[in-house]
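There are 2 protein chains.
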Amino acid sequence: MGVDQEPVTKKTWQELQAAKEAERNARIPEEWKLRPDQLPSEDVVDLRPIVKSCGILSPAELAITGEEYDATSLAAAIAAGKFTAVEVVTAFCKRAAVGQQLCNMLTEIMFADAIQRAKELDDIFASTGKVVGPLHGVPMTWKECFHFKGYDSTNGYMSRVFQPADRTSPLPALLQAAGAVVISKTNVPQTMLVAEAHNNVFGRTRNPVHARLTCGGSSGGEGASQAFRCSALGVGTDVGGSVRIPAACNGVYGYKPSFGVIPMAGYSYSGWPGSNTGVPAVSGPLGHSVRDLALFAAVVRAAEPWRFDPAVAPGVMEGEPAARRPVVGVMRASGIAPHPPVRRAIREAAAKLAAAGFEVREFAPPDLLAVRDISEQLFTLDGLSYPKGECARSGEPPVPSVLAIGFWDLPAKTQEEAWAWNARKGGVQKEMLDEWQRVGCDVVLAPVGPHTAPRPGEWTSDHYTVVWNMCDYPAIIVPFTHADPALDPADVEFKPMNAADKKNHDLYDPELFKGAPVALQIVGPRLGDKQLLKDAELLDSILNGTA
Amino acid sequence: MGVDQEPVTKKTWQELQAAKEAERNARIPEEWKLRPDQLPSEDVVDLRPIVKSCGILSPAELAITGEEYDATSLAAAIAAGKFTAVEVVTAFCKRAAVGQQLCNMLTEIMFADAIQRAKELDDIFASTGKVVGPLHGVPMTWKECFHFKGYDSTNGYMSRVFQPADRTSPLPALLQAAGAVVISKTNVPQTMLVAEAHNNVFGRTRNPVHARLTCGGSSGGEGASQAFRCSALGVGTDVGGSVRIPAACNGVYGYKPSFGVIPMAGYSYSGWPGSNTGVPAVSGPLGHSVRDLALFAAVVRAAEPWRFDPAVAPGVMEGEPAARRPVVGVMRASGIAPHPPVRRAIREAAAKLAAAGFEVREFAPPDLLAVRDISEQLFTLDGLSYPKGECARSGEPPVPSVLAIGFWDLPAKTQEEAWAWNARKGGVQKEMLDEWQRVGCDVVLAPVGPHTAPRPGEWTSDHYTVVWNMCDYPAIIVPFTHADPALDPADVEFKPMNAADKKNHDLYDPELFKGAPVALQIVGPRLGDKQLLKDAELLDSILNGTA
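Quick note, the sequences are listed as chains A and B, same order.
For the first sequence, the numbering used here begins at 1 and goes up steadily by one.
For the second sequence, the numbering used here begins at 1 and goes up steadily by one.
Treat the hints loosely; a few may be bogus.
[Stated by the list, open to error] Heads up, incomplete: computed chain B residues facing chain A, CB under 8 Å, no partners named:
id: 1; residue: 59
id: 2; residue: 62
id: 3; residue: 272
id: 4; residue: 275
id: 5; residue: 276
id: 6; residue: 316
id: 7; residue: 385
id: 8; residue: 415
id: 9; residue: 416
id: 10; residue: 418
id: 11; residue: 419
id: 12; residue: 510
[As the list claims (entries may be wrong)] If you only want the chain B side, here are some residues facing chain A, beta carbon under 8 Å, derived:
id: 13; residue: 63
id: 14; residue: 315
id: 15; residue: 433
id: 16; residue: 471
id: 17; residue: 482
The hints are simulated quantities; they were obtained by calculation from the structure and are not laboratory data.
Note that beta-carbon positions come from the ideal geometry of N, C-alpha and C, so glycine has one too.
Turn these sequences into a full structure, and let the hints guide you.
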């Protein structure tokens with residue numbers, strides 16, 4: 001699909017855009033549509049309360065889709081007969097419909113199929129008394145780049161519209177077999193390389209928690225989807241921060257696994273098939289609790305995905321993780337000083353853990369600006385010939401946030417140049433490993449970025465996240481505190497370390513950022529995913545007061 | 001070392017060759033040198049008996065270095081006080097000195113250092129009553145591409161002579177810490193890409209079992225070293241068959257691990273640092289029993305190498321493997337029909353296992369000639385600019401076997417071309433996995449090549465081995481039977497499937513090949529190394545009658 005990069009249609013990209021928009025609107029039932037007077041004015045920051053005020057969901061539907069439940073407890077409630085799958089799926093479809101009209105986070109809407117599937121699941125439950133699997137009736141949303149039979153997989157490229165997939169990707173198929181019900185796909189940036197969710201096919205996604213700030217990306221539609229609770233569990237992909245950045249921007253949980261834990265085979269490429277940059281992309285969930293992230297991983301691994309995806313490693317998620325109090329390394333900054341809310345979050349989290357009796361040690365990372373240089377070069381080995389070719393096929397222009405990423409025009413590399421960058425990547429991996437061993441930590445507590453969600457298009461440096469892709473360490477995003485002008489004044493004594501540091505400093509505006517979710521990144525050693533999920537659940541319970 | 005590819009000396013390569021040869025000869029004590037009349041005539045095929053007839057080793061030394069011991073039992077005998085480390089190391093140094101004069105398998109000779117280290121080990125044992133580790137006093141040889149402080153790491157390039165390493169590579173350092181004593185490095189082909197061991201620095205290595213046939217490669221010096229019993233345990237590397245081919249040619253055991261099991265960091269590159277071909281190189285042992293291969297793996301993993309090598313995976317060799325009777329898939333041929341001795345070995349082995357009650361099933365591999373095409377392209381992404389540059393640095397010419405590999409002149413690839421080949425590799429991985437699942441086997445019994453050791457320079461197709469590198473499945477070489485003109489007549493009804501098949505058929509000469517070792521390749525699923533080692537030990541005991 002899209003691989004030969006030949007023109008596919010005589011229609012202009014604007015005609016295709018209009019047709020695609022009409023298709024999407026037609027997939028939302030009329031009775032779930034907001035009246036014009038229900039749409040918020042420009043000055044409304046938090047869009048989430050509208051789901052209640054608009055009156056489209058019943059009180060019962062608001063409860064089912066509300067904060068009382070995560071995917072784990074929702075699955076338990078369905079299995080216990082408290083709710084039917086149809087009740088749950090319908091409630092989430094309605095909530096997603098409202099979310100879509102406010103935030104534009106959905107791409108391929110599948111409400112009708114979802115409710116039909118929920119009926120089938122209810123019938124099976126009624127006739128057998130058994131659930132089909134641990135996710136029986138749990139509504140899910142998926143990043144645009146997974147194939148679902150009968151629906152497009154455009155990845156935000158106009159060149160790929162109206163070319164429905166002929167099969168469902170193995171990962172969502174596996175979750176469907178475990179009972180999950182897919183209600184929609186979610187938005188991405190054109191090229192999938194940007195911490196944003198804006199493309200010419202579907203437009204821009206808004207952050208439901210703070211509409212003036214970005215939803216992040218590249219799984220930005222999914223971050224917004226989870227924050228609005230369009231589904232109980234979502235899935236994204238991450239090669240530089242694409243699960244973690246939107247999780248952080250929207251104040252939800254996210255998990256970037258080590259490579260080889262979760263299958264990727266058969267998803268929709270956003271670059272040349274077989275591309276081998278030296279930094280592997282992975283799939284991972286976004287959701288409402290650490291235990292939901294662990295549930296996702298457990299369901300996937302129980303299906304023995306190494307039997308169908310050659311890239312999946314067997315044996316790396318075996319056994320029970322230790323019930324331990326992990327030694328916590330704290331990474332505070334590298335290259336670019338995080339904004340005051342992020343610095344405070346790290347400081348308060350470390351203090352809270354120390355007060356709870358955890359051993360907390362300072363962790364000095366490699367130079368993350370150098371890491372960013374390496375990743376930019378590795379991500380552009382082909383000079384981005386693939387996305388440029390896809391744009392050329394339909395005639396659509398690159399969106400502004402793509403042109404702003406800073407590496408759109410980097411040239412293609414020879415093999416020798418590519419390998420020199422790869423060797424530098426190896427140096428970063430070694431430096432990180434040596435520091436981890438020196439510190440003797442079990443997990444590292446780190447910023448997700450040098451800021452909370454900034455304004456749309458302004459998350460241009462992924463160095464706090466891409467380093468963990470480069471080193472292939474698993475990382476979990478845990479929401480923790482919100483930006484608060486009283487606690488997080490601008491740093492008047494700031495002295496920039498470099499131009500990037502100054503640029504980042506200048507982005508901060510305490511009043512504008514007020515209420516922005518802040519998040520922590522909790523990192524484990526490579527392939528230590530199962531233990532990390534358990535450690536992160538414990539740390540979250542202490543940090544967020546559920547312990 | 002050698003990375004900037006500037007000329008390093010004003011001397012001609014012939015002058016350097018002579019100086020290097022003189023250095024190596026000076027490292028063999030005069031009293032261990034063969035008299036000219038003890039050198040075999042051209043018609044002697046099996047060179048091994050000369051170690052006894054030459055009189056350089058005492059009967060006790062012949063016993064210590066003989067077939068009565070493998071590394072496991074030798075370590076036990078030293079630990080029990082039956083032999084001192086000095087006795088054992090001296091005996092092997094003498095045997096290696098004789099082997100070198102007959103077969104030219106050694107490169108950097110370290111006899112003096114080895115005996116000194118053995119004295120230290122004996123002193124420790126005498127004063128503490130304890131061994132320093134599970135390999136206390138066990139003599140080892142290592143492929144040329146591992147660094148040892150104070151010795152060259154030329155990889156057969158004249159451009160790198162007389163540039164001693166300033167540190168020992170982590171893997172041999174780990175084995176030394178476990179008590180192993182390194183007595184020499186062993187020969188490789190120029191470029192390390194050939195199934196041969198011939199270069200301008202050290203010359204060509206001969207096969208001690210069958211001097212008219214090749215020793216194989218690229219760990220060819222190590223294959224010859226183990227066959228002559230120059231040491232109790234050797235280590236090679238394998239990216240296309242470089243451990244397995246020489247193990248098979250010389251009739252010894254060999255183990256190519258899955259990537260990530262055994263550390264490779266800090267060895268001496270034979271290409272651009274950071275090169276990322278999509279087919280990973282691995283290190284693995286050659287030796288005298290399957291249990292020795294498992295001992296090597298256990299010692300390495302006990303040192304927790306994931307703490308110093310970022311590429312090593314933790315958690316993949318945990319737990320005890322099952323004591324089971326594995327279901328055996330049998331791969332008989334693909335693309336090129338193996339010579340009669342190889343066909344017979346597979347047939348007899350499968351029959352013997354079936355007779356012993358094992359379930360044996362047919363296994364249909366991917367098209368291995370297509371696999372070979374893919375691997376050739378992936379191994380030449382840079383147009384071999386590195387080895388060509390190394391040759392240019394010293395002015396040495398490529399040796400004939402390098403020019404004969406068939407891909408010396410393939411052009412460099414763009415990233416897009418490289419990735420298209422990588423995508424084809426992904427197709428092979430999927431096809432192999434699907435067949436493995438279809439058959440439902442635990443291990444696969446396969447040829448190592450389309451022939452036993454052929455004449456020097458004639459092992460030009462690695463398709464039976466490189467496929468397992470491409471798929472990253474672990475594989476163990478088990479010697480089984482010898483070529484026998486009475487049992488293995490030329491196939492008079494042969495009808496070639498293709499040109500490569502005809503060429504291979506024409507190499508066979510029942511009388512010339514008489515006595516050549518034949519070997520089996522026993523393959524396990526990716527990262528199933530620990531179980532494979534156990535399965536292979538059981539299968540070997542049945543096939544070779546030790547059960």
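Going down the list of hints, with the structure as the test:
For the restraint placing residue 59 of chain B at the interface with chain A, the shortest Cβ-Cβ distance is roughly 48 Å, beyond the 8 Å limit, so the hint is violated. The interface hint given for residue 62 of chain B is violated, since its Cβ lies 43 Å from the closest Cβ of chain A, which is over the 8 Å cut-off. At about 5 Å, the closest approach between the beta carbon of residue 272 of chain B and any beta carbon in chain A falls short of 8 Å, and the interface hint on this residue holds. Interface hint status for residue 275 of chain B: upheld, as the beta-carbon distance to the closest one in chain A is roughly 5 Å, under 8 Å.
Evaluation of the residue 276 of chain B hint against chain A yields a held restraint, the C-beta minimum of about 5 Å falling below 8 Å. Taken as an interface hint, residue 316 of chain B checks out: its beta carbon lies about 5 Å from the nearest beta carbon of chain A, inside 8 Å. At about 6 Å, the closest approach between the beta carbon of residue 385 of chain B and any beta carbon in chain A falls short of 8 Å, and the interface hint on this residue holds. For the restraint placing residue 415 of chain B at the interface with chain A, the shortest Cβ-Cβ distance is roughly 4 Å, inside the 8 Å limit, so the hint holds.
Below 8 Å, beta-carbon pairs count as interface contacts, and residue 416 of chain B has one with chain A at about 6 Å; its hint therefore holds. The closest approach between the C-beta of residue 418 of chain B and any C-beta of chain A is roughly 7 Å, which is under the 8 Å cut-off, so the hint is satisfied. The interface hint given for residue 419 of chain B holds, since its Cβ lies 4 Å from the closest Cβ of chain A, which is under the 8 Å cut-off. For residue 510 of chain B, the interface hint is violated, since its Cβ never comes within 8 Å of a Cβ in chain A; the closest pair sits about 40 Å apart.
At its closest, the beta carbon of residue 63 of chain B sits 42 Å from a beta carbon of chain A; the interface hint therefore is violated under the 8 Å criterion. Checking residue 315 of chain B against chain A: minimum C-beta separation of about 5 Å stays under 8 Å; hint holds. Given the 8 Å rule on beta carbons, the hint for residue 433 of chain B holds: about 5 Å separates it from the nearest Cβ of chain A. At its closest, the beta carbon of residue 471 of chain B sits 7 Å from a beta carbon of chain A; the interface hint therefore holds under the 8 Å criterion.
At about 36 Å, the closest approach between the beta carbon of residue 482 of chain B and any beta carbon in chain A exceeds 8 Å, and the interface hint on this residue is violated.
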